[in-house]
Amino acid sequence: MSEFTAAVPTPADTSGTAGYTPSAVQLERERYRAARRRRERLTAGVCALVLLVVVVVAVVSSPGWAEVHAKFLNGTEFRRYFGQILHGFWLNVQMFLVSEVLILALGLLVALVRVTRSPGLAPIRWAATAYVDVFRGVPTLLLIFLIGFGLPALQLQGTPSSPVVLGCIALVLSYGAYVGEVFRAGLNSVHPAQRNAAKALGLSEHQTLRHVILPQAVRNVVPPLLNDFIALQKDTALVATLGPLEALRVAQIGSYADFNYTPYLAAAALFIAVTVPITRYADWLQRKAIERQWAEAR
Amino acid sequence: MSEALLRIRNLRKQYGGKTVLESIDLDVAEHQVVCLIGGSGSGKSTLLRCVDLLDTVDDGTIHLGETELTDPRLNADAARRRIGVVFQSYNLFPHMSVLENVTLAPRKAHGIPRREAEQHALELLERLGLAEKARDYPDRLSGGQQQRVAIARALATKPELLLFDEITAALDPELVGEVLDVVTDLKQRGLTILMATHEMGFARHAADQVCFLEGGVIRERGTAEQVLSEPRHPSTQRFLARVLEHK
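These protein sequences, in sequence, are chains A and B.
Each residue of the first sequence is one higher than the one before, starting from 1 at the first, in our numbering.
Each residue of the second sequence is one higher than the one before, starting from 1001 at the first, in our numbering.
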């Protein structure tokens, strides 16, 4: 027996992709895969529908349902307060947008200070570490109380007295500590070889950070940052404790007036309407990041 | 003559609109070593990934014995249990000792009792000169040692077919020999191996068949002597000239 089992002789040259027609085997395979995909989609749809029906039936047939329906899902109450709550919610959105920008700046600054190695900056580095330790350790609500009631009590000249501004300061300080840590993790996640490569090109520490490390770090931390911003969007409601007429506060007032919880549900619906798209966007970004890594691994 | 163990017919693979494998016909008979050579991007690795079901093919068939690997109804896990794969970058599990790396698949995928799996693993490691490394973790080993552990891991499930994807390409030159010696030993023990390699010297003495790939097509094939010493296709001649120039 010859050791060499030659298969079909190789064609000298093959034509390009244009002349290709799928074989019968391949067409049958594709039909089977399409059928399987349809079957899987159908299974998923049926399962979801059954679950939904079970949950709805269980809730609606519960003994207290009529009471809950009247107290939480009251159409008249909803119509009466929705406009006001929406108006209040606009304040939440404003607080969110302004705080977000400040948090990003503060977080990045804190992270950069914490990763620098220059000895002259050591006191600032210690201060940044202390800041993160303290403000990440204190519950956000407690911080809002401390700043909202404590700062004006100092009666210093120029301290803001608006509860919205005070609330935003508390949010920025609290989230700045978190976001600083996210950025720092991102900076540390860039492979050390990248730093060496940049140094080898003669870039200064500052230039290395600015042009090589930071762009990669930011790309890596976008999904966790969005996660923090979803939390921030909800936590703007904590500022309600200082009294400004934002969505939760307006809903609370409505609820107390009519002894009905529907306004709270209306406020909840508004928060969901904003956070769900951000969540989906964060998911999408994360998936893209995974695909990118996978392509690199190939 | 009986049918070959691995039979690839009219295989086609594309990524996006780009055809990366086209009209591939290849037989690997039992106890044969077949080497795939060719430049980077020629399709060697993709071909191996298709055989191990890590990529789905876009046309054609692959048979392993009686089983059609390209059948979408196939239980891919069951089929993969019959094939051993070694990658260029070792891919050992860093959180497991050498012994745990080697016994994972026999114990979990094949349901072999721990004692039996460990005994077989230790025999394998002994044969590959790694007996005293069994309790070490991969980060304590050299590249050559890691790759030999990866080979032991692939062998532990007694596969019918071994796929080696440029297993020496990431190694320091002085460590290449120890890994290739293992492959030579496997050949002598009668294992069936399909491998992509850049080691022409190794292919010359170990391969029963050498296939030269370029642009996703097998341009030339034959015995090692034919393809490497008297290449007929101009692209094979060019490729070999380029490779040997730097030796």
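Hints listed in this document are in silico derivations from the structure and should not be mistaken for laboratory results.
The structure displayed is predicted, hence computed values, not measured ones.
Even glycine gets a Cβ: it sits at the ideal position worked out from N, Cα and C.
Just so you know, not all the hints are guaranteed correct.
What the hints assert, rightly or not - Short, incomplete list of chain A residues facing chain B, as computed with Cβ under 10 angstroms:
1) Y20
2) V25
3) Q26
4) Y32
5) D283
6) R287
Please name the hints from earlier in the document that this structure breaks, with their numbers sorted from lowest to highest.
5 and 6
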